[in-house]
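Residue numbers (UniProt numbering): 1 to 344.
Accuracy of the hints is not assured; some may be wrong.
[What the hints assert, rightly or not] Okay, derived cross-link-like pairs now, DSSO-like style, lysine-lysine, Cα gap no bigger than 27 Å in a straight line:
| hint | residue 1 | residue 2 |
| --- | --- | --- |
| 1 | Lys131 | Lys221 |
| 2 | Lys252 | Lys264 |
| 3 | Lys221 | Lys209 |
| 4 | Lys209 | Lys185 |
| 5 | Lys185 | Lys155 |
| 6 | Lys312 | Lys273 |
| 7 | Lys342 | Lys312 |
| 8 | Lys264 | Lys310 |
| 9 | Lys185 | Lys221 |
| 10 | Lys191 | Lys273 |
| 11 | Lys252 | Lys221 |
| 12 | Lys155 | Lys209 |
| 13 | Lys191 | Lys221 |
| 14 | Lys209 | Lys191 |
| 15 | Lys185 | Lys312 |
| 16 | Lys252 | Lys273 |
| 17 | Lys155 | Lys221 |
| 18 | Lys191 | Lys252 |
| 19 | Lys264 | Lys185 |
| 20 | Lys131 | Lys155 |
| 21 | Lys185 | Lys252 |
Keep in mind that the hints were calculated from the coordinates and are not lab data.
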Amino acid sequence: MSRKQIFANLTPPAESAEAASASSQDALARRPSRIRPLLGSPDLVDDAGRSPVGALGRSLGELSERSRRADEIEEKLRAGQAVVELDPASIDPSFIPDRMLSDDEPFRSFVESIREQGQQVPILVRPHPQKTGAYQVAFGHRRLRAALELDIGVKAIVRNLTDQELVVAQGQENNERQDLSYIEKVRFAQKLAERFSRDVVMAALAIYKSDLSNMLAVAVKIPTELVDAIGPAHGIGRRNWMALAEVLTAGKERMEMALSVATKPEVAMLPSKERFEAVARALTEKASVRNANAVLLPGGQEIAQIAQTKQKITLTIDRRTSPDFADFVMNELPRLYAEHTKSR
């Protein structure tokens, strides 16, 4: 489904020119003498002609200009001219987030692109269901965040949407853009499933029932704090996340180890994809060591473990129990290798 089709599905039927004109005039006549807030205005204010200048802290000219701009926005919406400019501070995120906040290089590049070229595609918002004069995003969270950072207005399409219409539009736009990572889709699906039927979730994500079942299984098996520590991990797909989920079900020890690795300072500073790889690698190595052959002293004390694969042999010495022996082995390796090559 194209973005144009998404907008088309949300656009109410057009009235005839005469009906639209009459409806517009009746609405203007009945409208209370209130002004919708625009850039820099926190809430609805009384009509400029009836408000004391001193109390509002603005000149009559400023109020008149705000009134004129508000009328222009409302007239555009009534006439079907969808795109208007809003103050990003007046817009709240969707009640079900679909992205994990990230300040990585792709987002920095995205902000610079908008700084240099402007916002090319409008976001979709609805009038906020709880806050007068505010809005709520259906899709376009990155564009909204960039506008806030750049301190500029954000181009938006305003539509009256139910909760279900909002999340379906949100999910379909994400599918169209194909820039959500797999784990972001998993978290989005989980939050949708808490409030909506599975049919709505499948429609929003454009997935089959089996795909949804896999996503919800991953969401249950991988704790939220671990996903937060790893991040969106773009480039890590369904199979990798499902494999991690299965490894974590082996026991509490695996879960604690994964979280410990992900939150190490040297790992936390890595890009999100590499954080996932570090966690997966640590858990894989742990599994190999569990199946390793123990090296025991005559009295039964374990001094090392040896794990063998077709590609390598791994010698593991626990520094907590044999710190001096570990150093000795490392220092002796060059001499042992020299003796080995001499004897060949």
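Going down the list of hints, with the structure as the test:
Restraint check for Lys131 and Lys221: not satisfied, since their Cα atoms lie roughly 37 Å apart, outside the 27 Å limit. A threshold of 27 Å between alpha carbons decides the hint, and for Lys252 with Lys264 the separation of about 19 Å falls inside it, so the pair holds. With a C-alpha separation of about 19 Å, the suggested pair Lys221 and Lys209 falls inside the 27 Å cut-off, and the hint holds. For the suggested pair Lys209 and Lys185, the alpha carbons sit about 14 Å apart, so the restraint of at most 27 Å is met.
Between Lys185 and Lys155 the CA atoms are separated by roughly 26 Å; this keeps the pair inside 27 Å, and the hint holds. For the given pair, Lys312 sits about 25 Å from Lys273 by alpha-carbon distance, which is consistent with the 27 Å threshold. A C-alpha spacing of about 22 Å is found between Lys342 and Lys312, which places the hinted pair at or below 27 Å, so the restraint holds. Under the criterion of a C-alpha separation no larger than 27 Å, the hint pairing Lys264 with Lys310 is inconsistent with the structure, at around 30 Å.
Using a Cα cut-off of 27 Å, the hinted pair Lys185 and Lys221 holds, with the two alpha carbons roughly 15 Å apart. Our distance criterion of 27 Å between C-alpha atoms is met by Lys191 and Lys273, whose separation comes to about 23 Å. With a C-alpha separation of about 11 Å, the suggested pairing of Lys252 with Lys221 holds against the 27 Å cut-off. With a C-alpha separation of about 36 Å, the suggested pair Lys155 and Lys209 falls outside the 27 Å cut-off, and the hint is violated.
Under the criterion of a C-alpha separation no larger than 27 Å, the hint pairing Lys191 with Lys221 is consistent with the structure, at around 15 Å. A threshold of 27 Å between alpha carbons decides the hint, and for Lys209 with Lys191 the separation of about 16 Å falls inside it, so the pair holds. With a C-alpha separation of about 37 Å, the suggested pairing of Lys185 with Lys312 is violated against the 27 Å cut-off. A C-alpha spacing of about 24 Å is found between Lys252 and Lys273, which places the hinted pair at or below 27 Å, so the restraint holds.
Between Lys155 and Lys221 the CA atoms are separated by roughly 40 Å; this puts the pair beyond 27 Å, and the hint is violated. At most 27 Å may separate the alpha-carbon atoms for a hinted pair to count; Lys191 and Lys252 meet this at roughly 25 Å. Note on Lys264 and Lys185: the hinted pairing holds, with a Cα-Cα distance of about 26 Å set against a maximum of 27 Å. Distance check on the hinted pair: Lys131 and Lys155 sit about 20 Å apart at the alpha-carbon level, within 27 Å; holds.
Restraint check for Lys185 and Lys252: satisfied, since their Cα atoms lie roughly 26 Å apart, inside the 27 Å limit.
In the structure shown, a violation is registered for the earlier hints numbered 1, 8, 12, 15, 17, in ascending order.
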